[in-house]
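Protein chains in written order, with my numbering: chain U, 95 to 207; chain R, 4 to 116.
Worth flagging that the hints you see were computed from the coordinates, not collected in a lab.
Small disclaimer: the values here were computed from a predicted structure and weren't measured.
Every residue gets a Cβ at the ideal spot worked out from N, C-alpha and C, and that includes glycine.
Each hint should be verified, as a subset may be incorrect.
As the list claims (entries may be wrong) - Derived contacts from chain R toward chain U, CB cut-off under 10 Å, selection only:
1. 20
2. 43
3. 108
What the hints assert, rightly or not - Rough simulated footprint, nothing fancy, chain R against chain U, three-plus residues with beta-carbon under 8 Å:
4. 107 to 113
5. 194 to 206
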Amino acid sequence: DQQVKQNSPSLSVQEGRISILNCDYTNSMFDYFLWYKKYPAEGPTFLISISSIKDKNEDGRFTVFLNKSAKHLSLHIVPSQPGDSAVYFCAASDANYGQNFVFGPGTRLSVLP
Amino acid sequence: DAGVTQSPTHLIKTRGQHVTLRCSPISGHKSVSWYQQVLGQGPQFIFQYYEKEERGRGNFPDRFSARQFPNYSSELNVNALLLGDSALYLCASSVTGGAFGYTFGSGTRLTVV
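Just chain U, same shape as in the assembly:
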């Protein structure tokens, strides 16, 4: 029973264009969401987060949007750069889960020069 879903296993985008990575969740108790980026042979690194009291959070080229009614969030990367090529994980947490995270299966982003 996947509580966090990333239905696109992979995504290819041209350099300079927008990358949009999607994530859906089923547990309405989730109240904090994060995106992690993972390069091969490295651990996941934190990218950006959003709490359920917000619907948007920006950090430089990265913006996360949260639609609570649809239980959906998305990560926008503008403009995309070749160095953004990595696997992106969406993760969710709720206070009752002991502040640990449920991760989605990841989306592999390839930014083509």
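Once you have looked at the hints, place chain R on chain U.
Just chain R now, kept in the frame of chain U:
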């Protein structure tokens, strides 16, 4: 500053054997969490320790155990290894174990043959 360090980086074990994985958190971080990442899936929560006490446990069999030492380093032990235990084992540390400030190590790649 050293990040989260995990040892060994790679390990090959035979079915039925026992394995111990080690993690040293970032200096000042008192919480350590362990995750299992099977190929093609997102990390799955195994344990969290804070101030040497177990704070959370994921849906893993009793063959999995962990502990945290006075210096906040941690060990993950897996008994009676199965082929399905082959995965990347990730350790993450944070100051308090809360939703902020998770830093992952590069992981230990365990192969069970």
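Consistency of the hints with the structure:
1. At its closest, the beta carbon of residue 20 of chain R sits 25 Å from a beta carbon of chain U; the interface hint therefore is violated under the 10 Å criterion.
2. Proximity of residue 43 of chain R to chain U holds as hinted, the smallest CB-CB distance being about 7 Å (cut-off 10 Å).
3. Against a cut-off of 10 Å between C-beta atoms, the interface hint on residue 108 of chain R holds, since the closest Cβ of chain U lies about 5 Å away.
4. Given as covered by chain R, the region 107 to 113 of chain U fails the check, having 0 residues with a CB less than 8 Å from a CB of that chain where 3 are the minimum.
5. For the region 194 to 206 of chain U, the proposed coverage by chain R is satisfied: 7 residues have a C-beta within less than 8 Å of a C-beta in that chain, meeting the threshold of three.
Of the numbered hints listed earlier, those contradicted by the structure are 1 and 4.
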